[in-house]
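Asks: Listed below are the residues making up each chain.
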Amino acid sequence: MATINNAIKKQISLLMSNKAQWIPFAGLVIIIVIFEVLSGGKLFAERNHRILIYEAFTLVMGASALTFVMSQGKVDLSTGGIVALCCAAGATVSNGGSPWLCIPVALGTGLLIGLLNGLVAAHLKIDSFIATIAMSFMMKGVVVQILDSGSIGIPLKMLGWDSVALRVVTLVIVCVVSFLFFEYGKIGKWSRAVGSNEIAAYQSGVNVRKIRITGFLITGAMAGAIAIFSILRTGTASTSSGANYEMDTMIALLLGGMPITGGPASRYYAAVVGGLTMTFLSNGMTVTGIDAYVQQLIRGIIFLFAVAMTFNRKSLAYIK
Amino acid sequence: MKEKNVLLIANQISKSFEATKALDDVSIKLLRGEIVGLIGENGSGKSTLSSIISGVQLFDHGELILNGESYLPNTVLDAIEHGISMVTQEQATFDKLPVFANIFVGREHLFSEKGFLQVNKMKREAKKALEQIGVQHIDPSSNMSSLTFEERKLAELARALYSEPSLLVIDETSTTLSKTGRDILYRLIASMRDENKTVLFISHDIDEIMEVCDSLIILRDGKLINTLKKEDFRPETIKEQMIGRKIDTDFYQRTECIFTTAEKMLVGRNLSYKSLDDINIELIQGEILGIGGLTDCGMHLLGQILFGLVRPDFGSVTVGNKKITTPIAATKSSVAYISKNRDDEALLTLMSVRDNICLPTLNRLSGLFGVISKKIEQNFVNEWANVLQIKMNNMNQAVLSLSGGNKQKVAVAKWLGFNADIFLFDCPTRGIDIGVKASIYALMNELKQRGKAILMISEELPELIGMSDRILIMKDGKITGDFVCDEEISEKTLIQYMI
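As they're listed, the protein sequences go chains A and B.
Quick note on this note's numbering: the first sequence kicks off at 1 and runs consecutively.
Quick note on this note's numbering: the second sequence kicks off at 321 and runs consecutively.
Derived by calculation from the structure, the hints in this document are not laboratory data.
The reader is advised that the hints may include incorrect statements.
[As the list claims (entries may be wrong)] Each computed DSS-like pair below joins lysine-lysine, with the alpha-carbon atoms no more than 25 angstroms apart:
id	chain 1	residue 1	chain 2	residue 2
1	B	Lys499	B	Lys798
2	A	Lys125	B	Lys416
3	B	Lys652	A	Lys210
4	A	Lys186	B	Lys694
5	B	Lys695	B	Lys416
6	B	Lys711	B	Lys543
7	A	Lys210	B	Lys643
8	B	Lys695	B	Lys711
9	B	Lys499	B	Lys550
10	B	Lys795	B	Lys594
11	B	Lys550	B	Lys517
12	A	Lys125	B	Lys594
13	B	Lys416	B	Lys447
14	B	Lys643	B	Lys584
15	B	Lys543	B	Lys559
16	A	Lys186	B	Lys434
17	B	Lys642	B	Lys652
18	B	Lys349	B	Lys642
19	A	Lys186	B	Lys550
20	B	Lys652	B	Lys584
21	A	Lys125	A	Lys42
22	B	Lys517	B	Lys349
23	B	Lys559	B	Lys549
24	A	Lys210	B	Lys642
Work out the full structure: start from the sequences and follow the hints.
Replies: What follows is the structure, given as structure tokens:
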């Protein structure tokens with residue numbers, strides 16, 4: 001009996017020591033079960049499928065891109081602003097010239113702002129937290145200038161481009177490519193190395209600046225892509241396009257188990273698991289009928305919880 | 321229990337850092353009115369023991385008894401309150417603060433009145449503290465950074481003695497002092513003994529220890545090997561017990577340089593930066609070029625400049641016709657560098673052995689779209705871990721969990737795998753135990769045979785003399801001595817150029 005007890009205790013302590021690895025998955029399952037019950041089955045009702053897919057699309061795609069920045073121990077809080085700017089720029093050109101122009105313009109704008117973020121972070125050595133918040137303010141200022149009437153519509157025929165199938169295919173491609181690049185690619189390995197110990201990576205010949213800039217290019221380009229789908233879905237670019245995108249993707253990634261300090265424990269599954277958890281959480285709260293202000297409160301609590309859970313205090317002395 | 325003459329007892333003290341046991345069950349006794357030597361090689365645990373006694377860090381197991389009472393210092397200030405002060409091996413001063421502020425750091429409350437510091441009183445007291453140790457020429461108001469290394473050490477000494485400690489711990493301070501500085505130090509130590517106080521004197525210079533100390537504690541690999549009384553001091557015995565076997569004359573296996581073409585691999589011209597003054601250096605294929613000097617002589621900075629980590633104000637570093645301005649340029653020209661600060665700068669200790677070994681070579685290992693096949697990666701890691709015989713459970717183990725010697729092997733493996741031609745080693749055997757040291761030396765010789773060029777910056781003279789083909793000695797940012805190692809060079813000769 002005693003030996004069995006010990007064996008169980010050993011298993012439990014093993015589980016607890018690896019808790020950062022299994023808690024995200026357990027969290028996803030618990031969130032799904034709770035809201036499926038609370039909403040009386042509305043969460044998985046057929047008319048909710050499309051909404052779930054659209055929300056998961058944005059969150060998982062955004063979190064996938066953010067993986068490449070957060071694994072470096074940096075954050076990108078400008079992505080919401082970039083989405084708004086790309087929406088405004090894309091909508092403007094789709095009215096002026098060919099609707100197709102919307103795609104290169106939105107992606108290009110995203111890349112450009114990402115490059116700016118990267119240059120500021122890599123060359124001015126301003127921490128990404130400050131730099132990207134500042135960038136976000138600037139984006140919002142520019143967006144208000146572009147959209148002086150409040151919003152810009154797009155040509156009606158563009159609304160037909162969007163479909164669940166397109167989104168699912170795009171999402172799957174992005175996930176597979178991100179997974180390969182992050183887990184097996186140079187860029188992923190470099191990102192984790194830079195996040196683990198920037199000085200040692202630099203002294204191993206890693207081009208740290210290039211990696212930093214690449215990370216912000218990826219989040220910038222992804223914000224451009226999200227912007228395209230956003231205007232296709234709503235038909236307009238407005239000042240509220242992309243609102244909360246930066247925080248939601250970051251919380252999603254943290255809920256998926258990405259350590260806020262980045263480094264060696266960064267894994268790609270965090271983007272998928274966390275993106276889905278966040279989808280079911282926010283959609284679940286809506287279908288259950290929780291008041292919008294209470295939802296904000298819950299999000300705040302979840303955010304704190306996610307950081308506390310993934311923050312590796314033991315190795316903090318080494319991460320710095 | 322309370323013995324009259326005993327000041328401090330350390331009972332079965334153990335201390336580990338991750339996998340390494342720095343101190344293993346060490347028990348010692350310090351008597352009043354005695355100068356006790358503490359000797360051992362690098363990594364033997366002497367600094368760990370002294371830092372535990374002086375409150376820098378806590379031990380894992382065991383107990384300390386001071387004046388018959390249990391003693392558990394939490395901080396350095398706590399130790400000072402208990403009458404234990406320390407002068408450290410590394411420089412422990414605040415450069416940007418004036419001398420008086422340094423002397424009373426942490427004890428400002430002694431000079432506080434209604435929340436304001438009485439600066440003039442501090443200056444007066446600082447002058448007194450310096451005069452008490454026989455130093456007249458240091459102005460307490462001057463900035464610490466304007467002082468020479470020796471003057472800073474003297475200020476530290478004044479700080480340590482101001483609190484009138486009953487135990488003074490001196491950690492390898494004398495090696496950095498000139499004759500005058502040493503005389504001051506020895507005089508102070510002797511007067512402490514006369515006042516029935518205790519000095520714990522740490523050194524690895526056997527001659528000095530035999531001269532100064534009344535008794536001697538010998539540590540090796542974290543274990544207490546022996547304690548000797550003055551009448552039992554014999555240099556051969558001490559040496560043997562320090563190293564653990566008879567001194568083997570070919571422990572350092574210097575091999576002849578087989579490349580006679582004398583091709584210049586790495587050239588530094590007119591390098592000036594901070595204390596470095598117009599340094600010229602040439603590294604030739606198939607040689608080990610040793611650079612020695614005191615820690616502060618600028619040799620570590622020179623290593624960083626040669627790898628492009630620090631850009632000099634004047635002068636240039638070239639490999640072939642390529643200029644080295646960044647580590648990225650350096651690695652493109654096949655230059656490898658292993659920092660003295662191995663755990664923070666040379667290795668990603670939280671990452672796996674595999675990730676560390678592959679890191680510089682990722683570009684070459686990756687295939688289509690920059691994706692690396694797991695198999696190629698594993699074969700690569702296995703190959704180089706085997707060449708260096710890295711002791712590990714598996715390649716996904718974090719480097720943090722390896723011993724010092726194996727960590728160094730990982731650092732070398734990543735550059736060997738990268739196929740570097742020029743190796744800049746800053747203190748390659750720092751904190752590595754003796755068995756692994758020999759294998760690092762053997763490895764350096766093998767690199768030499770393969771036609772690589774090696775620059776070895778070292779603070780250990782026997783290592784420099786034993787391994788180098790040429791030795792440059794630096795002092796205050798200048799090269800003061802240039803030796804070819806085909807004649808008998810003694811440590812004494814080199815030291816003359818260092819100080």
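Asks: Name the hints, by number, that the structure is in violation of.
Replies: Numbers 5, 16, 18, 19 and 21, in rising order.
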